[in-house]
Amino acid sequence: MSSEKTIEHSEAAARFNKDVERVNWHDETLWFVREKRDKSAHQILDWELLRETASKIKNNVLSNIHDYLLEFEANAQKNGIIVHWAADAKGHNEIVHSIMAKHDVKQMVKSKSMLTEECHLNDYLAEKGIEVIDSDLGEYIVQLRKEPPSHIVLPAIHLKKEDVSETFHEHLGTEKGNIDPQYLTESARLSLRDTFLTRKVALTGVNFAIAETGEIVVCTNEGNADMGAHLADVHIACMGFEKLIPQRKHLGVFLRLLARSATGQPITTFSSHFKKPRDGKEIHIVIVDNGRSTQLGREDFRNSLKCIRCGACMNTCPVYRRSGGHSYHNAVAGPIGSILAPNLDMSKNADLPFASTLCGSCTNVCPVKIDIHDQLYKWRQVLVKEGHTPTVKTIAMKTMSTVLANPTIFNIAGKSGRFVMKNIPGLVNNKMNKWYDQREMPDVPEESFREWYKKNSREAKAKDNE
Amino acid sequence: MSSKEDILKKIKQNQPALMTELPDLNLLSSDNPDVFVTYKTVLKNIGGDPVEVANYDEIIHYIKSNYNLKKRIITTIPELSEIGSLDWTNDDPHSLQDVELNILKAHFGVAENSALWVTDDVLGQRVSPFIAQYLAIIVHKKDIIATMHQAYERIGNQEYGFGTFIAGPSKTADIEQSLVLGAHGARGLIVFLLD
Amino acid sequence: MKIGLFIPCYVDQFYPKVGIATYELLQKLGCEVHFPMGQTCCGQPMANSGYQYLTKGCDANFIANFAGFDYIVCPSGSCVLHVKEHLHDEKQEEVAAEMRKKVFELTEFITDILKVDSIDGNFPYRVGMHVSCHGQRGLKLSQMTELNAPFFSKPEQLLHNIKGLDLVSLSRKDECCGFGGTFCVTEEAVSVKMGQDRIKDHENHQVDYITGGDMSCLMHLEGILKRQKSPIKTIHIAEILNSLEN
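Chains A, B and C, in that order, give the protein sequences. Residue numbering for the first sequence is 1 to 466, as defined by UniProt numbering. Residue numbering for the second sequence is 1 to 195, as defined by UniProt numbering. Residue numbering for the third sequence is 1 to 246, as defined by UniProt numbering.
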């Protein structure tokens, strides 16, 4: 994962598109989730006001996050929770490992946490000889296949049941060729039940952390976070600091939005509020920065930190649906991933803000009203300024800008060969015209509009009649 | 400098001036003329089964006729001691692994999503609603409210170590978006709507 | 009312008939229309590629050509959106700001400024409307399916009185076609796939024509249709609205 060479989005997407049937299926399946989201959202009369309210709460958080964090920590400690702070991924992984080491435990059961994906915790712990089992069914599947999740809510959405069947046959000994989802899920249930019953440490993510009460909320449909946490001696919950919300009552807003935006469900099956550890047990919360405070300082991009990880922008994104989550080579894929990733590593992720048509659908479905497509546009400007675009593209753009700023040259260039179409960057870099691979060029008309206008406009005709 | 100080210092430097005050949640409408009908409809849609009952005897009768009493049934409700054991709340939670049915009582239910609010004091053990094969939750009809906003008004500053909203049985659609009930938690959820 | 006709560079060069239809239509609607000959391009191809800093020359040229008109009208939502959002001039920022407010996409200009509800015409075909993202989500020319808000569509409204026109209801009403400016070549695989899928939706509804307010989307779709040797044709909405013979 982290050590592999990054393949650019466009290239990975081109590979993904080689299997047309698979792309169609991927697109239709995610579009179905988008439609479920629409149906669910449209049943809430004041849905748009709800989004606006959530956005305001999160904006308020961004400008008070320092104080809310201190309030949260103090309250969590009062509740008997142990709070840790990690400046980066390395710090986060070390803290988690130190808790494991303190308890002399070598096995962990983990529920879905995109933060631990971001920090590559599993790899780190594996090196330390600690076995991690992911308990969310989708994550469990991709973990067995040694793949990263391709979607933050639907980790195995890139796979078909035949793939899962093969994986389970190999690792769990299920019947070869049995592709019944019910059967496959039941097999995973049995296997993971044993895991839940034997693990002393459980790690979960955090959906919301409430400053006012020091509690955290974890949402799942499967109940896997709870099965892990309530059976273990130690519950470690990892959160990016932007997960904070001010008050308990604000959960009313976010829990109404989260699942409806994610899958169209009215709420996740379980919305669990962890406030105090069980008697004699421990809850640890690891608050992680890992670039978030830098993003907070980027005026144009800070409100990406409002994200509640519903995945709606991925489901609606026509590019994501047709390129697959892995093409984004980042823990969080899709439109939101493309505005978060450059903050983590500009050079490695310079391709992502360009993996969009800027259609704006992402912004419209976002439950906290992040201006995702505008930020994609703005990241492009930053990446160009910081020198993360190919020189050949810059040269082409400079030529274009000179011609387009000068009507005389433009008219000559236009006449001699339809300037703009021939100079769309990318063309000049390829011997083959990428437009022409699967599309025809438009016919060249006898005269341009301006040539026609010179002869046929009202003024021209009036002159003729003089 | 410690990580905490370091992070907080950077945040203080980078966080914007106040963008907005906290919004008024009262503007969000909570009207629902028939919360009870909505509750039942939503519950059915997400895979739960609503059962209307007049009293505990009817619940006992229902359980007797629909579940195998030879399997392990637990509850925290003294009125149901005839069908479920009450003496498990101080046991090792792992010992609940063979529970077939757990019968609980919720503080209230929410019509818009059919979620039921339960906390430590009614759970017996935190893991109990997750580890049982099947789950039955009792809620008084008068305790059905319209939306999550009212839910949190009702919870207010309620003290608890753990609380959760439960909406329907445990589920997953991680294999090709095919819905399967009973991912890790309960395979089925009955909600007894009590007069 | 003095109108500056803003014709996108690729329309000027490849689709003069769209410029002609726009010009004639606005005149029929009683406008005094002028096409400033020095206009080139709004600069969007560069800006969307991350080179907004190189568009100052384009901006200055745009302002030089279009200052002094009551309104600037253009048969492309995308180009209008770019001007509305990004036209600047350090030397005369007030003029730029004023022009950002005066630039309109053709159909919204007809409904909102000319206050014309619908236009008579004749186009006896089955037609699918391809809603361009910049026109719809950027300029709000029509309601977006993501939002919980009442339906409206300025372009569709204008088509109500076109005789014989049978407007189909697509399965995905406002999915992007995949053109996306330089995206169409830098992400060629996804771009073409999106275009093919958009066409499939129209095909499934047996259309004769795909229309829309942005020739760039239509050029992309036309390119794929021609390669597929499809009988489906593309036509800019200005051409349909200008179908009534004088």
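Hints are computed from structural coordinates only; laboratory data are not their basis. What you are looking at is a predicted structure, and each value in this text was computed from that prediction instead of being measured. A couple of the hints might just be wrong.
Stated by the list, open to error - Derived DSS-like pairs (lysine-lysine); straight-line CA-CA distance at most 25 Å:
| # | chain 1 | residue 1 | chain 2 | residue 2 |
| --- | --- | --- | --- | --- |
| 1 | C | K28 | A | K463 |
| 2 | A | K56 | C | K140 |
| 3 | B | K9 | A | K78 |
| 4 | A | K463 | C | K17 |
| 5 | B | K142 | A | K306 |
| 6 | C | K140 | A | K36 |
| 7 | B | K4 | A | K306 |
| 8 | A | K78 | A | K56 |
| 9 | C | K200 | A | K378 |
| 10 | A | K455 | C | K84 |
| 11 | A | K454 | C | K17 |
| 12 | A | K378 | C | K84 |
| 13 | B | K10 | A | K378 |
| 14 | C | K173 | A | K369 |
| 15 | C | K200 | A | K18 |
| 16 | A | K369 | C | K140 |
| 17 | A | K90 | B | K44 |
| 18 | A | K369 | C | K28 |
| 19 | C | K173 | A | K454 |
| 20 | A | K385 | C | K56 |
| 21 | A | K306 | B | K44 |
| 22 | C | K2 | A | K461 |
| 23 | A | K39 | B | K44 |
| 24 | A | K249 | B | K9 |
| 25 | A | K393 | C | K56 |
| 26 | C | K91 | A | K378 |
| 27 | C | K140 | A | K378 |
| 28 | C | K229 | C | K17 |
| 29 | B | K4 | A | K102 |
| 30 | C | K200 | A | K36 |
| 31 | C | K2 | A | K463 |
Exercise. Within 25 Å, alpha carbon to alpha carbon, are A/K306 and B/K44?
Worked result: 33 Å, violated
Exercise. Under the criterion that the straight-line Cα-Cα distance not exceed 25 Å, is the pair C/K140, A/K36 satisfied?
Worked result: Since the Cα atoms of C/K140 and A/K36 sit roughly 24 Å apart, the hinted pair holds (cutoff 25 Å).
Problem set entry | Pair hint A/K369 and C/K28, alpha-carbon separation not exceeding 25 Å | Violated, at about 42 Å.
Exercise. CA of B/K4 to CA of A/K102, is that 25 Å or under?
Worked result: 21 Å, holds
For this session: Sort out whether A/K56 lies within 25 Å of A/K78, counting only the CA atoms.
Result: 29 Å, violated
Exercise. Taking 25 Å as the top limit, are the C-alpha atoms of C/K200 and A/K18 close enough?
Worked result: 18 Å, holds
For this session: Starting from B/K4, check that the Cα of A/K306 is at most 25 Å away, please.
Result: Given pair B/K4, A/K306 holds - Cα atoms ~21 Å apart, limit 25 Å.
For this session: Sort out whether A/K78 lies within 25 Å of B/K9, counting only the CA atoms.
Result: 23 Å, holds
Problem set entry | Restraint check for A/K378 with C/K84, where alpha carbons must lie at most 25 Å apart | 16 Å, holds
Exercise. Do the alpha carbons of A/K455 and C/K84 lie within 25 Å of each other, as the hint requires?
Worked result: Violated, at about 31 Å.
Exercise. CA of C/K2 to CA of A/K461, is that 25 Å or under?
Worked result: 18 Å, holds
Problem set entry | Proposed proximity, A/K36 with C/K200 (alpha carbon, max 25 Å) | 22 Å, holds
Violated hints, listed in ascending order, are 5, 8, 9, 10, 17, 18, 19, 21 and 24; each of the other numbered hints is respected by the structure.
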